[in-house]
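Chemist: Protein chains in written order, with our numbering: chain F, 285 to 631; chain E, 285 to 631.
FYI, nobody ran anything at the bench for these hints, they're computed from the structure.
Be aware that one or more of the hints could be misleading.
The list treats identical chains as one, so a pair stands whether inside a single copy or across any two.
Unchecked claim - Think about it this way: if two alpha-carbon atoms lie no more than 20 angstroms apart in a straight line, the pair counts; the simulated EDC-like pairs of lysine to aspartate or glutamate are:
#, residue 1, residue 2
1, 447, 339
2, 382, 339
3, 429, 393
4, 497, 446
5, 344, 446
6, 616, 547
7, 314, 331
8, 409, 330
9, 418, 330
10, 429, 299
11, 343, 446
12, 616, 606
13, 429, 394
14, 454, 575
15, 483, 450
16, 541, 578
17, 382, 446
18, 344, 545
19, 343, 331
Protein chains: 2
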Amino acid sequence: MNNNFTCPVPIPEYDKILLGHGSGGILSHKLFEQFIHPHISNNILDDLHDSAVFEINNKKFAFTTDSYVVQPIFFPGGDIGALAVNGTINDLAMAGAKPLFISVGLILEEGLGTDELSHIIQSMKRAADAAGVKIVTGDTKVVEKGKGDKIFINTSGIGVIEKGIDISPKNCKAGDVIILSGKIAEHGVAILSAREGLKFETTIKSDTAPLNKLVHEILNVSKNIHVLRDPTRGGLATTLNEIASSSITGMFIEEEKIPVDEEVRAACEILGLDPLYIANEGKLVAIAQREDADKILDAMYNNEFGRDTVVIGEVTSDNPGEVIMKTTIGTKRIVDMLSGEQLPRIC
Amino acid sequence: MNNNFTCPVPIPEYDKILLGHGSGGILSHKLFEQFIHPHISNNILDDLHDSAVFEINNKKFAFTTDSYVVQPIFFPGGDIGALAVNGTINDLAMAGAKPLFISVGLILEEGLGTDELSHIIQSMKRAADAAGVKIVTGDTKVVEKGKGDKIFINTSGIGVIEKGIDISPKNCKAGDVIILSGKIAEHGVAILSAREGLKFETTIKSDTAPLNKLVHEILNVSKNIHVLRDPTRGGLATTLNEIASSSITGMFIEEEKIPVDEEVRAACEILGLDPLYIANEGKLVAIAQREDADKILDAMYNNEFGRDTVVIGEVTSDNPGEVIMKTTIGTKRIVDMLSGEQLPRIC
Numbered sequence: 285m286n287n288n289f290t291c292p293v294p295i296p297e298y299d300k301i302l303l304g305h306g307s308g309g310i311l312s313h314k315l316f317e318q319f320i321h322p323h324i325s326n327n328i329l330d331d332l333h334d335s336a337v338f339e340i341n342n343k344k345f346a347f348t349t350d351s352y353v354v355q356p357i358f359f360p361g362g363d364i365g366a367l368a369v370n371g372t373i374n375d376l377a378m379a380g381a382k383p384l385f386i387s388v389g390l391i392l393e394e395g396l397g398t399d400e401l402s403h404i405i406q407s408m409k410r411a412a413d414a415a416g417v418k419i420v421t422g423d424t425k426v427v428e429k430g431k432g433d434k435i436f437i438n439t440s441g442i443g444v445i446e447k448g449i450d451i452s453p454k455n456c457k458a459g460d461v462i463i464l465s466g467k468i469a470e471h472g473v474a475i476l477s478a479r480e481g482l483k484f485e486t487t488i489k490s491d492t493a494p495l496n497k498l499v500h501e502i503l504n505v506s507k508n509i510h511v512l513r514d515p516t517r518g519g520l521a522t523t524l525n526e527i528a529s530s531s532i533t534g535m536f537i538e539e540e541k542i543p544v545d546e547e548v549r550a551a552c553e554i555l556g557l558d559p560l561y562i563a564n565e566g567k568l569v570a571i572a573q574r575e576d577a578d579k580i581l582d583a584m585y586n587n588e589f590g591r592d593t594v595v596i597g598e599v600t601s602d603n604p605g606e607v608i609m610k611t612t613i614g615t616k617r618i619v620d621m622l623s624g625e626q627l628p629r630i631c
Numbered sequence: 285m286n287n288n289f290t291c292p293v294p295i296p297e298y299d300k301i302l303l304g305h306g307s308g309g310i311l312s313h314k315l316f317e318q319f320i321h322p323h324i325s326n327n328i329l330d331d332l333h334d335s336a337v338f339e340i341n342n343k344k345f346a347f348t349t350d351s352y353v354v355q356p357i358f359f360p361g362g363d364i365g366a367l368a369v370n371g372t373i374n375d376l377a378m379a380g381a382k383p384l385f386i387s388v389g390l391i392l393e394e395g396l397g398t399d400e401l402s403h404i405i406q407s408m409k410r411a412a413d414a415a416g417v418k419i420v421t422g423d424t425k426v427v428e429k430g431k432g433d434k435i436f437i438n439t440s441g442i443g444v445i446e447k448g449i450d451i452s453p454k455n456c457k458a459g460d461v462i463i464l465s466g467k468i469a470e471h472g473v474a475i476l477s478a479r480e481g482l483k484f485e486t487t488i489k490s491d492t493a494p495l496n497k498l499v500h501e502i503l504n505v506s507k508n509i510h511v512l513r514d515p516t517r518g519g520l521a522t523t524l525n526e527i528a529s530s531s532i533t534g535m536f537i538e539e540e541k542i543p544v545d546e547e548v549r550a551a552c553e554i555l556g557l558d559p560l561y562i563a564n565e566g567k568l569v570a571i572a573q574r575e576d577a578d579k580i581l582d583a584m585y586n587n588e589f590g591r592d593t594v595v596i597g598e599v600t601s602d603n604p605g606e607v608i609m610k611t612t613i614g615t616k617r618i619v620d621m622l623s624g625e626q627l628p629r630i631c
């Protein structure tokens, strides 16, 4: 038996995973496109939505997975458990699906308090109940102290998509409105503030929330929703770039229309961060036919997670694949995808 | 803002997660029953099968999740990627489901070689292809060096269960035969030997394999399959105890009928391990009506992963909830569930 059993391919010293590969920005995309996607490409995966969408017996399903490694595991506005449940619910909702069932895979570090574990599990249950989904299966693994970081959680989920719903960037067309469901950057700033021990007048809380009911209400009033996305890792800027790139349209947004809480904005200035690139965990971007904008906005205002909904811009035929922003001082600039690592382990 | 934001409940010093909580044995069950299950109990989860089983539009589905933290990540006979895909396929198959779709959640440690990652992803793809399932969605997170251990993988999966299939311990009855699909303890011994650098005449290889086709062939010849289980963490002894406990029947097995490779047996003696408690990753236990035994055995012999299939015992009305073994020297003894930690991070 060989006691030096290692990977059978040579590993160049410079070719290592970096923290930035987990940022959700350009490095994450490169990692996926270079080392993962080419090996596992298939017709369903290649759609590259937040959820896989497929048919079984003429019924459309959405299926998604996300692992959560957020640090700290308890933070103002939530904890890793609520975040993991809401995140997977939202990924299903962004495919236009009604989330039904969720799985929970726990990786615990030796030494984690069992009361911390209980607290997180209870938080997952509350989040699941609030969204009307069931946690139906799970798994627990334990790693030695120093080989993990308290707790990592994977949640995967299944939802069903009703007939007639077709959420896809390919449906985007010039003139569509870009709707944002509320203030940005709260989750990322809450996490970083907790991590760095920053104190503000009021505590900045994560916006973690389940958006499935908001999506349900949007789809109730309009069948002309072309894209739904939750701007998590990489923030609003990265999400809009992804949509622009996959729909081959331009995105034109106006900075002054993008709502940011004053305290969040101040925190971003102190920390040297751009709110456009900060993760949200309870917001969505909807791109829809302009004619339906009013009724969509009405529906959103009436949902507790859509009270600050605004139209932030429109889809253009100019600048396909790019996001252009009119700044508050009236100039225009290209808003790129997040490059490198702004905030590690934000979710 | 509070810079000491921690769990809002007190954490007794002695109440911590131990490595043994990940063993799959008594401690794992206690952890689940004490700190997890009470908080998330519902009618589907409470079945506590390897997969959740539910109906959508009159169609029966199986859904399962598993995280893999095996160390080392490359080992004789496979790697963490193949193990993760086969493991989830097998959990679906043990519910009598045809596995269709799999998700992949990666947690990478900063510094992992991208070539190691590529190699693992390719291995996942080969395993998925061999079993006829598709990897349709995924997620990648990165943690700082020293906060993970190279790579952890979660796989979740969805399968469909055909009408008329009802795999459940509640169907077990006295007189049913207990069938084992081959030699035990190979995966666990391969991992431990690789980890400890033990050398034997020939390399002991993990038995990691997809069992969905074997299950399909079993179900083709008999509708009287009462239980299907893959004896992974905790080994054959723990699996039989779980079945005995949930079916409230006794399990009677004969030690001399349980096949163990000679070299694996020798390794177990050197390491002070009992093969009955060692993980398998390509074996199954089938409990079936005695009248159908011959045709089930014929079907299993003809499958590449069932060539060493044997009947190892029978279900009894005596000793409900217990596993009794006739030893090679003719005495009888109770075989308990694994207590404590025999082999950490075996899968």
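Chemist: Work down the list of hints and note, for each, if the structure agrees.
Modeler: Evaluation of the provided hints:
no.	hint	in the structure
1	447 with 339	both (11 angstroms within a copy, 19 angstroms between copies)
2	382 with 339	both (15 angstroms within a copy, 15 angstroms between copies)
3	429 with 393	both (6 angstroms within a copy, 15 angstroms between copies)
4	497 with 446	within (14 angstroms within a copy, 32 angstroms between copies)
5	344 with 446	both (7 angstroms within a copy, 18 angstroms between copies)
6	616 with 547	neither (26 angstroms within a copy, 72 angstroms between copies)
7	314 with 331	within (17 angstroms within a copy, 42 angstroms between copies)
8	409 with 330	between (33 angstroms within a copy, 14 angstroms between copies)
9	418 with 330	between (28 angstroms within a copy, 12 angstroms between copies)
10	429 with 299	between (27 angstroms within a copy, 15 angstroms between copies)
11	343 with 446	both (8 angstroms within a copy, 16 angstroms between copies)
12	616 with 606	within (12 angstroms within a copy, 74 angstroms between copies)
13	429 with 394	both (5 angstroms within a copy, 17 angstroms between copies)
14	454 with 575	within (19 angstroms within a copy, 57 angstroms between copies)
15	483 with 450	neither (44 angstroms within a copy, 58 angstroms between copies)
16	541 with 578	within (17 angstroms within a copy, 73 angstroms between copies)
17	382 with 446	within (8 angstroms within a copy, 24 angstroms between copies)
18	344 with 545	neither (38 angstroms within a copy, 47 angstroms between copies)
19	343 with 331	within (18 angstroms within a copy, 26 angstroms between copies)
The earlier numbered hints that this structure contradicts are 6, 15 and 18.
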